[in-house]
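K.L.:
Spelled out from the first residue to the last, the chains are:
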Amino acid sequence: MDTKRLIIVAVGGQGNLLASKVIGEAALLSGVPVRMSEIHGMAQRGGVVESAIVFGDAKSTIISDGEADLLVGFEPAEALRALNKCNAATTVITNLSPLSPFTVAIGKGVYPRLSRIQELIRAKTEKLIAFDATALAREAGNVMAVNMVLLGAMTRTGILPLAADKVKEAIRTRTKKAFVEVNLKAFEMGFEAAEKGE
Amino acid sequence: MHKLLTDQPGQQMLLLGNEAITRGAVEAGVAFASTYPGTPSSEISLNLFQISRETDLYFEYSTNEKVALEVAAAAAVSGVRSMCMMKHVGVNVAADVLMTLAYIGVKGGLVILTADDPYMFSSQNEQDNRYYAKLSGLPMLEPSSVEEARSMMPYAFDLSEKLGEPVLFRTTTRVNHSTAAVTLGEMRPRQPRGDFVKDPFNFVCVPAVSRKLHVRLLENMEKAEKIAGTSEYNFTEGAGNQGIICNGVSYNYVSDAVTELGIADNTKILRIGFSHPLPQALIKDFLGGCEKVLVVEEGEPYMEEAVKAFAQEAGLTLPIRGKSADLFSRLYEFDPATVKKNIAAFFDVPYTPPVIPDLSDLPEIPQRPPTLCAGCSHRATFYAVKKAAEGMDVMHPSDIGCYTLGFLPPLSMADFVVCMGASAGTSGGFSKVTDKKVISFIGDSTFFHSGISGLINAVFNNHKFTLVILDNGTTAMTGHQPNPGVDMTKLNMDGFGRISIEAVVRAIGVRHVSVIRPYKVQKSIAAIKEALDYDGVSVVISQEPCSLYAKSLKELKPRAFYVTDRCKNHRTCLDELGCPAFYLKDDRVCIDPDLCIGCTVCVQICPENAIRPVKKTEG
Numbered sequence: 001m002d003t004k005r006l007i008i009v010a011v012g013g014q015g016n017l018l019a020s021k022v023i024g025e026a027a028l029l030s031g032v033p034v035r036m037s038e039i040h041g042m043a044q045r046g047g048v049v050e051s052a053i054v055f056g057d058a059k060s061t062i063i064s065d066g067e068a069d070l071l072v073g074f075e076p077a078e079a080l081r082a083l084n085k086c087n088a089a090t091t092v093i094t095n096l097s098p099l100s101p102f103t104v105a106i107g108k109g110v111y112p113r114l115s116r117i118q119e120l121i122r123a124k125t126e127k128l129i130a131f132d133a134t135a136l137a138r139e140a141g142n143v144m145a146v147n148m149v150l151l152g153a154m155t156r157t158g159i160l161p162l163a164a165d166k167v168k169e170a171i172r173t174r175t176k177k178a179f180v181e182v183n184l185k186a187f188e189m190g191f192e193a194a195e196k197g198e
Numbered sequence: 001m002h003k004l005l006t007d008q009p010g011q012q013m014l015l016l017g018n019e020a021i022t023r024g025a026v027e028a029g030v031a032f033a034s035t036y037p038g039t040p041s042s043e044i045s046l047n048l049f050q051i052s053r054e055t056d057l058y059f060e061y062s063t064n065e066k067v068a069l070e071v072a073a074a075a076a077v078s079g080v081r082s083m084c085m086m087k088h089v090g091v092n093v094a095a096d097v098l099m100t101l102a103y104i105g106v107k108g109g110l111v112i113l114t115a116d117d118p119y120m121f122s123s124q125n126e127q128d129n130r131y132y133a134k135l136s137g138l139p140m141l142e143p144s145s146v147e148e149a150r151s152m153m154p155y156a157f158d159l160s161e162k163l164g165e166p167v168l169f170r171t172t173t174r175v176n177h178s179t180a181a182v183t184l185g186e187m188r189p190r191q192p193r194g195d196f197v198k199d200p201f202n203f204v205c206v207p208a209v210s211r212k213l214h215v216r217l218l219e220n221m222e223k224a225e226k227i228a229g230t231s232e233y234n235f236t237e238g239a240g241n242q243g244i245i246c247n248g249v250s251y252n253y254v255s256d257a258v259t260e261l262g263i264a265d266n267t268k269i270l271r272i273g274f275s276h277p278l279p280q281a282l283i284k285d286f287l288g289g290c291e292k293v294l295v296v297e298e299g300e301p302y303m304e305e306a307v308k309a310f311a312q313e314a315g316l317t318l319p320i321r322g323k324s325a326d327l328f329s330r331l332y333e334f335d336p337a338t339v340k341k342n343i344a345a346f347f348d349v350p351y352t353p354p355v356i357p358d359l360s361d362l363p364e365i366p367q368r369p370p371t372l373c374a375g376c377s378h379r380a381t382f383y384a385v386k387k388a389a390e391g392m393d394v395m396h397p398s399d400i401g402c403y404t405l406g407f408l409p410p411l412s413m414a415d416f417v418v419c420m421g422a423s424a425g426t427s428g429g430f431s432k433v434t435d436k437k438v439i440s441f442i443g444d445s446t447f448f449h450s451g452i453s454g455l456i457n458a459v460f461n462n463h464k465f466t467l468v469i470l471d472n473g474t475t476a477m478t479g480h481q482p483n484p485g486v487d488m489t490k491l492n493m494d495g496f497g498r499i500s501i502e503a504v505v506r507a508i509g510v511r512h513v514s515v516i517r518p519y520k521v522q523k524s525i526a527a528i529k530e531a532l533d534y535d536g537v538s539v540v541i542s543q544e545p546c547s548l549y550a551k552s553l554k555e556l557k558p559r560a561f562y563v564t565d566r567c568k569n570h571r572t573c574l575d576e577l578g579c580p581a582f583y584l585k586d587d588r589v590c591i592d593p594d595l596c597i598g599c600t601v602c603v604q605i606c607p608e609n610a611i612r613p614v615k616k617t618e619g
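Sequence order for the protein chains is A and B.
1 is the number of the first residue of the first sequence in UniProt numbering; add one for each residue after it.
1 is the number of the first residue of the second sequence in UniProt numbering; add one for each residue after it.
Simulated from the structure, these hints should not be mistaken for lab results.
Treat the hints with care, since some could be wrong.
Said to hold, decoys possible - Cross-link-like lysine to aspartate or glutamate pairs, in silico, EDC-like; alpha carbons within 20 Å at most:
{"id": "1", "chain 1": "A", "residue 1": "Lys59", "chain 2": "B", "residue 2": "Glu260"}
{"id": "2", "chain 1": "A", "residue 1": "Lys4", "chain 2": "B", "residue 2": "Glu260"}
{"id": "3", "chain 1": "B", "residue 1": "Lys432", "chain 2": "B", "residue 2": "Asp533"}
{"id": "4", "chain 1": "B", "residue 1": "Lys308", "chain 2": "B", "residue 2": "Glu291"}
{"id": "5", "chain 1": "B", "residue 1": "Lys551", "chain 2": "B", "residue 2": "Asp487"}
{"id": "6", "chain 1": "A", "residue 1": "Lys59", "chain 2": "B", "residue 2": "Asp335"}
{"id": "7", "chain 1": "A", "residue 1": "Lys59", "chain 2": "B", "residue 2": "Glu237"}
{"id": "8", "chain 1": "B", "residue 1": "Lys268", "chain 2": "B", "residue 2": "Asp256"}
{"id": "9", "chain 1": "A", "residue 1": "Lys108", "chain 2": "B", "residue 2": "Glu260"}
{"id": "10", "chain 1": "A", "residue 1": "Lys108", "chain 2": "B", "residue 2": "Asp575"}
{"id": "11", "chain 1": "B", "residue 1": "Lys341", "chain 2": "A", "residue 2": "Asp132"}
On a predicted model such as this, the values are computed, not experimentally measured, just so you know.
Using the sequences provided together with the hints, build the complete structure.
P.N.:
Below is the structure:
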């Protein structure tokens with residue numbers, strides 16, 4: 001089958017790894033070959049956490065520059081930073097709620113304007129879907145569900161070989177019982193937002 | 001029940017590479033396991049630790065990798081299937097045991113896992129531990145994928161028993177931290193009890209014994225090479241007159257590249273999974289059918305050099321290439337595009353790399369380096385040390401742990417870091433040859449790991465420095481594993497001892513020892529000043545639990561603070577502490593209440609006394 005490559009970038013603590021795990025389980029449920037790779041260790045301490053997910057028959061678990069079909073940024077500046085993974089045919093989804101790096105607070109950098117971030121991504125890729133996923137997660141009942149909102153959005157694009165019902169099944173079985181309802185709601189909200197956020 | 005104990009052969013499960021390795025070991029009937037935590041190997045230990053609490057598997061976190069290998073070796077020579085895991089640099093610590101254990105051999109299977117870290121995602125170097133196999137004369141296995149990591153483990157245990165030698169199992173970060181579907185295999189029963197049969201002329205390595213044992217090791221290597229020659233883990237794929245020899249994760253990139261470049265018809269691949277001793281006859285045979293050969297291996301030209309030597313012996317003059325300025329680098333890890341590009345270049349086939357958008361007009365994106373957590377006690381200690389040493393010409397040898405991150409501004413509290421346990425040793429050297437005031441740092445786990453010997457050396461040789469032991473009650477960097485100073489009753493586990501760092505330091509003969517609580521800023525500064533005045537080796541033990549660990553134990557109830565209107569924007573808090581709970585809003589310092597744990601260090605140093613606790617709202 002066709003190889004599809006997904007990159008997720010997030011700041012440590014945003015639930016990137018759980019989102020990847022749900023995607024992996026959904027692929028397993030769908031009978032889609034999947035291989036993933038993550039960064040652990042030092043990078044987690046307030047740094048950037050990146051997951052690469054490769055669907056299809058490829059054996060590699062990482063994605064080279066320019067080879068992503070879909071890039072998902074849990075944080076807008078990180079989406080911009082990961083643009084080297086994209087090409088002109090890549091779709092990008094980004095959360096619009098910034099998490100300012102500590103370096104900005106100590107005057108070692110300036111956070112780029114959100115409008116500029118969107119302009120740049122739009123100009124260099126096929127399609128940008130941008131919305132405030134954090135606000136939607138809060139609305140769904142838990143600000144920590146931002147990963148589920150974005151999971152909904154990436155499912156909506158249809159780029160990944162995963163049907164929404166399989167992803168929802170994975171959310172039911174692979175996320176904490178107490179949060180399943182909120183997570184499913186967040187997923188739905190992200191799924192809908194992906195249509196409007198284009 | 002732990003998911004890796006699921007006894008349903010044939011079932012598919014999505015597993016992290018380290019979980020797959022653990023599962024493979026459990027399927028092999030591993031009954032004894034030991035480790036010192038190190039990324040990227042840590043999750044293997046975590047899973048075995050959890051499994052040990054549900055089964056008769058023995059597991060321990062040892063003080064360091066050398067000790068871990070010693071305990072595992074004893075179990076294995078008593079006939080118990082054992083495993084010892086560590087990161088690549090951990091093998092350097094264990095190397096002393098390893099070299100001679102290869103002479104002695106084992107009865108029960110012993111698998112020594114070395115998790116190498118090309119690109120140094122969380123390591124101080126990217127050494128290629130295949131050379132340890134060559135150096136020790138032990139067989140080495142290298143899986144390419146998560147799935148193979150599982151299936152290769154039982155094979156490794158069987159091989160170890162067949163040869164009567166420990167087997168080195170080498171992974172890289174990209175196997176340890178990849179995730180894929182794994183098909184569960186059959187579980188063999190554990191045999192946790194063994195017996196040691198006395199046989200001093202094979203077990204006691206005095207010169208006369210070792211001379212004989214070295215002969216046996218060389219015989220074993222010959223046997224191992226024969227097995228490697230027919231091992232299912234050394235296989236040829238495809239056909240044609242252009243050849244590629246590869247190992248580990250490189251095989252994945254090669255396999256994808258050959259398909260995507262459309263050269264599968266005339267390219268054959270030799271994948272080496274049993275990489276020491278290299279299967280000489282198999283490689284010579286492979287070379288004989290090729291017009292040119294590319295060796296694709298991350299790290300050092302370990303296979304390339306051997307393959308060239310084999311070709312010379314076989315009288316073959318075909319081009320064999322691998323590492324060079326125009327092909328593969330010895331630096332960092334490979335990626336699919338680089339491998340594709342180099343294969344295309346070497347075999348002269350067209351390849352259009354993906355076009356990356358022009359990113360030259362991107363604004364500068366602020367860096368997001370890893371940092372000490374909000375409220376981290378190390379930051380408090382660093383601040384106190386800085387204040388105590390104000391006006392002095394100071395240098396800070398440091399060590400391996402979370403606190404290494406203190407090297408970044410605004411703290412800048414690490415000037416020399418080389419390996420686990422080296423801060424005390426290097427401090428001694430610096431204090432002898434420079435006029436600088438030497439104040440060094442070491443964590444509690446690292447102190448037990450190998451810092452003690454450096455401190456003993458300093459006391460004996462009359463060095464002059466202050467060692468600050470950052471005792472946060474856990475091994476924080478790798479994810480809160482216990483060390484000999486940890487109170488195991490907090491984890492609801494009894495039957496463990498507990499060693500007092502203070503008692504050890506005093507027993508070593510350090511005359512000036514003080515214990516501080518770093519969240520008490522003024523008292524800490526005063527105690528450190530006294531330590532700095534002492535003419536000799538002084539030790540300050542800074543005790544405060546890791547905030548993340550305390551949170552996970554529910555011992556910490558975060559209490560957020562905020563900046564009141566009294567703030568005159570001196571920014572002492574920001575400029576001197578740099579806690580990530582601070583942020584700037586309209587050019588004013590604010591505190592993120594979700595991050596603040598209420599350590600109160602900023603409260604104590606604020607010149608305007610402007611930082612106050614957030615009042616809890618009723619309800």
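K.L.:
Against each hint, give a clear statement of whether it holds in the structure.
P.N.:
Hint check results:
no.	hint	verdict
1	Lys59/A <-> Glu260/B	holds (12 Å)
2	Lys4/A <-> Glu260/B	holds (14 Å)
3	Lys432/B <-> Asp533/B	holds (17 Å)
4	Lys308/B <-> Glu291/B	holds (14 Å)
5	Lys551/B <-> Asp487/B	holds (16 Å)
6	Lys59/A <-> Asp335/B	holds (12 Å)
7	Lys59/A <-> Glu237/B	holds (14 Å)
8	Lys268/B <-> Asp256/B	holds (13 Å)
9	Lys108/A <-> Glu260/B	violated (43 Å)
10	Lys108/A <-> Asp575/B	holds (11 Å)
11	Lys341/B <-> Asp132/A	violated (39 Å)
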